[in-house]
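A.B. asks: If you want the building blocks of each chain, they are given just below.
Number of protein chains: 4
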Amino acid sequence: MQKIKFETDYQEGAHPRILERLIQTNDEQTSGYGDDIHTRNAQELIRNAIRRPESEVFFMTGGTQTNTTVIKFLLSPVEGVIAASSGHINVHESGAIESTGHKVLSIEGRNGLIDPEDLNCYLEAFYADPTYDHMVQPGMVYVSFSSELGTIYSKDSLSRIKSICEKYNMKLFIDGARLGAGLVSEKCDITIEELAGLCDVFYIGGTKNGALFGEAVVFPDAKRFDLRNFRTLIKQQGGLLAKGRMLGIQFEVLFEDGLYFENARHSNVQAMKIKRAFTEADIPMLIDSYTNQQFPVLTHEQNKILSEKFSYELWQPLDENKSAYRFCTSWLTTDDATEELTKAIKIL
Amino acid sequence: MQKIKFETDYQEGAHPRILERLIQTNDEQTSGYGDDIHTRNAQELIRNAIRRPESEVFFMTGGTQTNTTVIKFLLSPVEGVIAASSGHINVHESGAIESTGHKVLSIEGRNGLIDPEDLNCYLEAFYADPTYDHMVQPGMVYVSFSSELGTIYSKDSLSRIKSICEKYNMKLFIDGARLGAGLVSEKCDITIEELAGLCDVFYIGGTKNGALFGEAVVFPDAKRFDLRNFRTLIKQQGGLLAKGRMLGIQFEVLFEDGLYFENARHSNVQAMKIKRAFTEADIPMLIDSYTNQQFPVLTHEQNKILSEKFSYELWQPLDENKSAYRFCTSWLTTDDATEELTKAIKIL
Amino acid sequence: MQKIKFETDYQEGAHPRILERLIQTNDEQTSGYGDDIHTRNAQELIRNAIRRPESEVFFMTGGTQTNTTVIKFLLSPVEGVIAASSGHINVHESGAIESTGHKVLSIEGRNGLIDPEDLNCYLEAFYADPTYDHMVQPGMVYVSFSSELGTIYSKDSLSRIKSICEKYNMKLFIDGARLGAGLVSEKCDITIEELAGLCDVFYIGGTKNGALFGEAVVFPDAKRFDLRNFRTLIKQQGGLLAKGRMLGIQFEVLFEDGLYFENARHSNVQAMKIKRAFTEADIPMLIDSYTNQQFPVLTHEQNKILSEKFSYELWQPLDENKSAYRFCTSWLTTDDATEELTKAIKIL
Amino acid sequence: MQKIKFETDYQEGAHPRILERLIQTNDEQTSGYGDDIHTRNAQELIRNAIRRPESEVFFMTGGTQTNTTVIKFLLSPVEGVIAASSGHINVHESGAIESTGHKVLSIEGRNGLIDPEDLNCYLEAFYADPTYDHMVQPGMVYVSFSSELGTIYSKDSLSRIKSICEKYNMKLFIDGARLGAGLVSEKCDITIEELAGLCDVFYIGGTKNGALFGEAVVFPDAKRFDLRNFRTLIKQQGGLLAKGRMLGIQFEVLFEDGLYFENARHSNVQAMKIKRAFTEADIPMLIDSYTNQQFPVLTHEQNKILSEKFSYELWQPLDENKSAYRFCTSWLTTDDATEELTKAIKIL
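Protein chains in written order, with this note's numbering: chain A, 1 to 348; chain B, 1 to 348; chain C, 1 to 348; chain D, 1 to 348.
Extracted from the complex, chain A is given alone in its bound form (with noise of 0.2 Å):
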């Protein structure tokens, strides 16, 4: 028998909706690279979720591929990126920002956030240090929504790490592999305009929320960067899909009538009630998360029980008799699914 796999968010297929629009647009004949009618589309309804006509949408078709592309345009060479030090560009992505030259400047994050005193503090000791031109100069901060232990930031603490960026002269990203999940929370304060207007890019993670594949990177005050070559450096990164609009479908798919947040909830939704079902059977959560990755502490004997008819990751090991692993819903987590877990659970 198969085991129910709570692994990822990224084990299936696409939403049937999409894979509906691919059929109904194949033999229809576009120009390549993205210069197309549902890119411009798909453009055009990103920049309408976001209230903002002014920004620019780029469409890639993956995080690591985003991060390093985004991160190598707004650095100059001596700069480096400050994230968290669970940061997905610090531990995840095979060195790829470094493999373009930049350093990863990583702090000690909490719960996988950023903490704007913590910021402040580095900052401040960077610069009073007299030998600091012989460092890697700070130019950016990189925050991922949801973060990688599926904690979010709130509109205050990212207004201070803004506040900050400006005041020290740096760019803000935020990486939204995981941005549906983030916006939707039930602790969530911060809309996407909001956070549109609280950096100077981000992303909209398409493969972790329904999406065969695909990010849209957003600057949202485009004209503060000179961005007429930055498709370029996508071609350069080996991010320009030959059938660009095979993102545009997508995320046209995704924008229309809401199907992105839609897929979020339903995805937050599974987790809480796997959530509270830990809760009761009193399993601590290594961390108190609010979004589609849950992290309980089981202990050996919870988790060969567990394992037998269910698949989760790893997380980190604690002690001799328990560790932590990582549950992770989907768009396409079943009632079902989640209910024979959250039995499994209540029994353990």
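Check before you lean on any hint, since a few could be wrong.
With a straight-line cut-off of 30 Å between C-alpha atoms, the simulated DSS-like cross-links for lysine-lysine are [said to hold, decoys possible]:
id, chain 1, residue 1, chain 2, residue 2
1, B, K167, D, K322
2, A, K273, A, K309
3, B, K304, B, K3
4, C, K304, B, K223
5, C, K5, C, K304
6, A, K5, A, K322
7, C, K223, B, K167
8, A, K223, D, K162
9, D, K223, A, K167
10, D, K223, A, K162
11, C, K223, B, K162
12, B, K322, B, K5
13, B, K343, B, K5
14, A, K223, A, K3
15, A, K187, A, K343
16, B, K223, C, K223
17, A, K223, D, K346
18, B, K155, B, K167
19, D, K162, D, K223
20, D, K346, D, K3
21, D, K3, D, K273
22, D, K155, D, K187
23, A, K273, A, K304
24, C, K3, C, K304
25, A, K155, A, K273
26, D, K167, A, K223
27, D, K3, D, K343
28, C, K5, B, K223
Worth flagging that the hints you see were computed from the coordinates, not collected in a lab.
Take the given structure of chain A and dock chains B, C and D to it, following the hints.
C.D. replies: Positioned in the frame of chain A, the structure of chains B, C and D alone reads:
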């Protein structure tokens, strides 16, 4: 009225059988990043197609990405890659190869191909120069099959290039973005097995031959390289698809019963009809191509007439009165479209 | 009145014997880029000093350049280099290592040294993580001898680090910017021959020990690497001096009759006098260093008094009342200068 | 008997006045990395020499390093640098420019110079190509003054190149490794002030004109660039000399009373004598050079005779019977050496 497009071979979606399979498999739960049954199956099908069980196959999303990753993997920091001046990596990849630190050493091509004799002369002159250790060292030869100009290497020519590579301790890499069209060309005297035996690495292009996207990198004699980190490098280059099975599924469909070659054959058949029409109309061809790209030399008058109903690419201005244009066919070019075009050519 | 400087070990020119030799040899005509008799002679002297005729020696102009070139030469694109968090490459080289595409993987050091046990834990945890192939692969360990904090590795400690490197298939590189001060320290239990046998590559720092500039990179077991292109890489990195003999001449003087070690000994003797003075004055030392860098912890008051007559570096603020400072001696620190300082310390 | 060398202009040490000054200043204590009185003084002398108090001057140790740092500083990631095919950065720097991610876009030079008309054609064709945004963007023009073939730009030619750069929004960078020989050439119609006014950045080569090593990078109109991080970039590129005053001292000597130009003049005078000797002996010159590099075309017989007593470089094989050779003079080429050579030429 929309024009009939002969602009590129990636202007439509995917072969219907690919879309069907995507739908059938959509709800399956698989691990990410290519660790799934479809990917493994596709790898096996390709190993069988080249009759080399010892080979290793990796999937990536696009050509530029593939070229960059392969070249970066195989070159040491002081080595460059020799390419025909018209080679894709030398012209149309926005400096992707250089962005990884490697110079493209261009040799004037002959109709898009590197002549073995030219290559030999280049290398003899290089090593005869007493200052050669102040120069970029030639570490690889890059050839395109079929080439950017629709031409293909003969078995003899490719064998001679391979011998030169061995003599000078260089790798040979075949860019197969249009491998199908090359291999099924009526002028081709080499099989895919033979081609695999004449290089260190090549790739099988899916994007331009019926896939939504996707290229299969093949190391025919895998034990010659330490490939354990190749996947990590794909990740670093932003080419590791989260829903990796998408690539596996597509190549399964393309290789399980010969669809890959069928698509290419269809494409070439349409191209040959167009070529014949131009020739019968006494319109000269810039290059004598037997694959899916055709380059007629049109007067401005002729171009004006044809471009009313058809779209295609300006390739190269030749003199005040005429230019070369590119007409490109694909697996989805319909008999009707081709007939419309050939009729129009006839009455030019 | 100009202050007496204890800021760095590169605040003066070169040892007089080096200048004399430059004058004597000035009109000689030699080929460029290190193809000259002085360079060959200096290489031979160093090979003799480490008793390894099979070694290869290259000269470069500075430490950052040397670190970058060696690390770039030995790592594959997905590999990074492990360093103590205080390591020069991790802090004070403006991201030079990252600029070549490689991440510095920092481990919290212990007084500037990597503890073998910490290294082992790091690697065990790394390979225990199932996602390790999405991370930067550890390909090398970088240690400084003596370290940035004046400390040195014991033979046992270095041997254990070497064993770990072998187990995990990593290179070991010793940054010897202050090699002399380390080797002649009264606490050092390792000879230069032994050190050469415990690493894959190291360098002998000239800049901080009596040369105008210059570092000698040594591959003790040269046949393990394909070094034919190393000089080409030095050229690419901007480190191949046109008048290469300048480096050869300096290292000839330093190694023909032990001047290198004599300089270091002089430097350490002065440092030990200073250390004793601080200790006798009950001023604590941040680190128990036995080389030419000393780090007393001074109150603001004490600092105010000393800094009237002497200049030295603020190393690290500790609390509201005191900070650690660095006093650095060199081959040219005079007995008089040291005496002035020790007298001043006594009456603090 | 040792041959008299006309191989290069960096085959001897430094001008005696430089060595004297190094001795005089040897025991001075200064801060490192160019933060010293000699460096500041040398910067001021150069600003005066070009009559531009608003300019900024930086010192580096070698030409390749300087070219790489300047080009990396001024280009964005998708931009490349246009150079004559014979340009140093295109041939003899081991791919240093590409190692920082930038393509060298080569234009066939005319005797080592970029013809303004050729440059214009190149750019017009580039922007006329509808696929230009898939290509490397031209962001800078690099010219050498004097060129690698001993030739120099006229004021008119340089002005036209500058205009084209402005039109196409490109920087203009002048490699002055042999600036002295160019500026004092009898055919030169431009002063150093004028040259400074016709570019964005240039460098004054010391290595080939009497220094032990060293190049002075000059940004004539410093306020156009944000140069705060330029020193950090020099550090990153391994070009920031610890004992930075070494560079300052050398350029002080070279520029305090015209020694720089005196050296170059001496060098050119010797070269002109050699040129005359060849011409009077009816030996053709490959290039009509009026600087310190001369390129006679010798038969094998002639070469055999001359090479018994003199050493010089094979430049380029021409046909079965003859080749071009390079004879290079320097600030230290003695009248005697030149006379020996001219006598030998006479009796060829």
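A.B. asks: Work down the list of hints and note, for each, if the structure agrees.
C.D. replies: Cross-check of the supplied hints:
Distance check on the hinted pair: K167(B) and K322(D) sit about 29 Å apart at the alpha-carbon level, within 30 Å; holds. Restraint check for K273(A) and K309(A): satisfied, since their Cα atoms lie roughly 18 Å apart, inside the 30 Å limit. Restraint check for K304(B) and K3(B): satisfied, since their Cα atoms lie roughly 13 Å apart, inside the 30 Å limit. Straight-line distance between C-alpha atoms of K304(C) and K223(B) comes to about 67 Å, which puts the hinted pair past the 30 Å bound.
The straight-line distance between the Cα atoms of K5(C) and K304(C) is roughly 15 Å, inside the 30 Å bound, and the hint therefore holds. Simply put, K5(A) and K322(A) have alpha-carbon atoms about 21 Å apart, close enough for the 30 Å limit, and the pair holds. Under the criterion of a C-alpha separation no larger than 30 Å, the hint pairing K223(C) with K167(B) is consistent with the structure, at around 22 Å. Annotation: proposed proximity of K223(A) to K162(D) holds, straight-line Cα distance about 28 Å (limit 30 Å).
Restraint check: the Cα-Cα separation between K223(D) and K167(A) comes to about 22 Å, which is no more than 30 Å; the hinted pair holds. Proximity of K223(D) to K162(A) is assessed by CA-CA distance (about 28 Å); at most 30 Å being required, the pair is judged to hold. A distance of roughly 28 Å separates the Cα atoms of K223(C) and K162(B); the hinted pair therefore holds under the 30 Å criterion. With a C-alpha separation of about 21 Å, the suggested pair K322(B) and K5(B) falls inside the 30 Å cut-off, and the hint holds.
Annotation: proposed proximity of K343(B) to K5(B) holds, straight-line Cα distance about 15 Å (limit 30 Å). Between the alpha carbons of K223(A) and K3(A) the distance comes to roughly 50 Å, so the proposed pair goes past 30 Å and is violated. For the given pair, K187(A) sits about 26 Å from K343(A) by alpha-carbon distance, which is consistent with the 30 Å threshold. Note on K223(B) and K223(C): the hinted pairing holds, with a Cα-Cα distance of about 23 Å set against a maximum of 30 Å.
The straight-line distance between the Cα atoms of K223(A) and K346(D) is roughly 69 Å, outside the 30 Å bound, and the hint therefore fails. A distance of roughly 18 Å separates the Cα atoms of K155(B) and K167(B); the hinted pair therefore holds under the 30 Å criterion. Distance check on the hinted pair: K162(D) and K223(D) sit about 19 Å apart at the alpha-carbon level, within 30 Å; holds. For the hint pairing K346(D) with K3(D), the CA-to-CA distance comes to about 18 Å; that is within 30 Å, so the pair holds.
The straight-line distance between the Cα atoms of K3(D) and K273(D) is roughly 19 Å, inside the 30 Å bound, and the hint therefore holds. Taking the CA atoms of K155(D) and K187(D), the gap is near 11 Å; set against the 30 Å cutoff, the hint holds. A distance of roughly 21 Å separates the Cα atoms of K273(A) and K304(A); the hinted pair therefore holds under the 30 Å criterion. For the proposed pair K3(C) and K304(C), the alpha carbon gap of about 13 Å is at most 30 Å, so the pair holds.
This hinted pair checks out: K155(A) and K273(A) have alpha carbons roughly 26 Å apart, not beyond 30 Å. Under the criterion of a C-alpha separation no larger than 30 Å, the hint pairing K167(D) with K223(A) is consistent with the structure, at around 22 Å. For the hint linking K3(D) to K343(D), the alpha-carbon distance of about 15 Å falls within 30 Å, and the restraint holds. Simply put, K5(C) and K223(B) have alpha-carbon atoms about 59 Å apart, too far for the 30 Å limit, and the pair is violated.
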